[in-house]
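Protein sequences, first through last, are from chains H and C. Each residue of the first sequence is one higher than the last, beginning at 349 in the working numbering. Each residue of the second sequence is one higher than the last, beginning at 16 in the working numbering.
Just so you know, the hints here were simulated from the structure itself, not pulled from any lab data. Each hint should be verified, as a subset may be incorrect.
Stated by the list, open to error - The following label-pair restraints were derived from C-beta to C-beta distances:
#1 85(C) <-> 394(H): 35 to 45 Å
#2 442(H) <-> 27(C): 16 to 26 Å
#3 362(H) <-> 77(C): 17 to 27 Å
#4 416(H) <-> 32(C): 27 to 37 Å
#5 405(H) <-> 45(C): 37 to 47 Å
#6 430(H) <-> 25(C): 36 to 46 Å
#7 96(C) <-> 406(H): 30 to 40 Å
#8 368(H) <-> 85(C): 44 to 54 Å
#9 388(H) <-> 30(C): 22 to 32 Å
#10 376(H) <-> 81(C): 44 to 54 Å
#11 417(H) <-> 129(C): 25 to 35 Å
Glycine included, every Cβ here is placed at the ideal spot set by N, Cα and C.
Read off the chains here:
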Amino acid sequence: GESVGLHLPTLSVQEGDNSIINCAYSNSASDYFIWYKQESGKGPQFIIDIRSNMDKRQGQRVTVLLNKTVKHLSLQIAATQPGDSAVYFCAENIFGGRRALTFGSGTRLQVQP
Amino acid sequence: DTGVSQDPRHKITKRGQNVTFRCDPISEHNRLYWYRQTLGQGPEFLTYFQNEAQLEKSRLLSDRFSAERPKGSFSTLEIQRTEQGDSAMYLCASSQGTSASYNEQFFGPGTRLTVL
């Protein structure tokens, strides 16, 4: 398949380790955030979201942390598996504002078996 | 499959030709979005429909681009007089919501356009 991003920051981890992917968002007015996973040749896949009235949200093997003070978002993946290898994007939105999502630059996660 | 579908998945065309892409959203979703993604970048917003009304267009959407959603279901994106700079992945997304809801968008697999 074709690469989603050829010059993205890359995080390489061993299978079974925990992964932390970071994102700095741009708009202090944003109040809704989503992490997407994109595999080569595919569209972005929703992973987890968080609203600005929360600073942490957990899903299955994933946790998103939000620090509004420094406009920082992180995605933690527990017990990383080879199937987690992909490019990860954060996206932001403003409730009641424009409907389009604004995506950050992605991070490529490579899981070594 | 009840997800967002797009057709074709790949399109190769010569510069100056017109192309049209189709998106079928998740059936109960009233909102539909088009994004463009180039290598190494996140998706960039192009335009948005609520039902059949086109409510927002990005400045990225030049006069050569037009999108429609005539019956509030599927949508088409046409690019006229294609240029090499139009080469990208064109992504469609849909969501269901009202003004009081957040904007969880589900993406299709995309159409990869290559302009020679």
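Going down the list of hints, with the structure as the test:
A hinted range of 35 to 45 Å for the beta carbons of residue 85(C) and residue 394(H) is inconsistent with their spacing of about 28 Å. About 38 Å separates the C-beta atoms of residue 442(H) and residue 27(C), a value inconsistent with the hinted range of 16 to 26 Å. Remark: the range hint 17 to 27 Å for residue 362(H) to residue 77(C) is contradicted by a beta-carbon distance near 46 Å. With their beta carbons about 47 Å apart, residue 416(H) and residue 32(C) fall outside the hinted range of 27 to 37 Å.
In this structure, residue 405(H) and residue 45(C) break the distance hint of 37 to 47 Å, their C-beta atoms being roughly 26 Å apart. Between residue 430(H) and residue 25(C) the Cβ separation comes to about 26 Å, which falls outside the hinted range of 36 to 46 Å. In this structure the supplied range 30 to 40 Å is violated for residue 96(C) paired with residue 406(H), their Cβ-Cβ distance being about 49 Å. One distance hint, 44 to 54 Å for the beta-carbon pair residue 368(H) and residue 85(C), holds here, with the actual separation near 45 Å.
With their beta carbons about 27 Å apart, residue 388(H) and residue 30(C) fall inside the hinted range of 22 to 32 Å. The hinted range of 44 to 54 Å is not satisfied by residue 376(H) and residue 81(C), whose Cβ atoms lie roughly 34 Å apart. In this structure the hint that residue 417(H) and residue 129(C) lie 25 to 35 Å apart at CB is violated, the actual value being about 44 Å.
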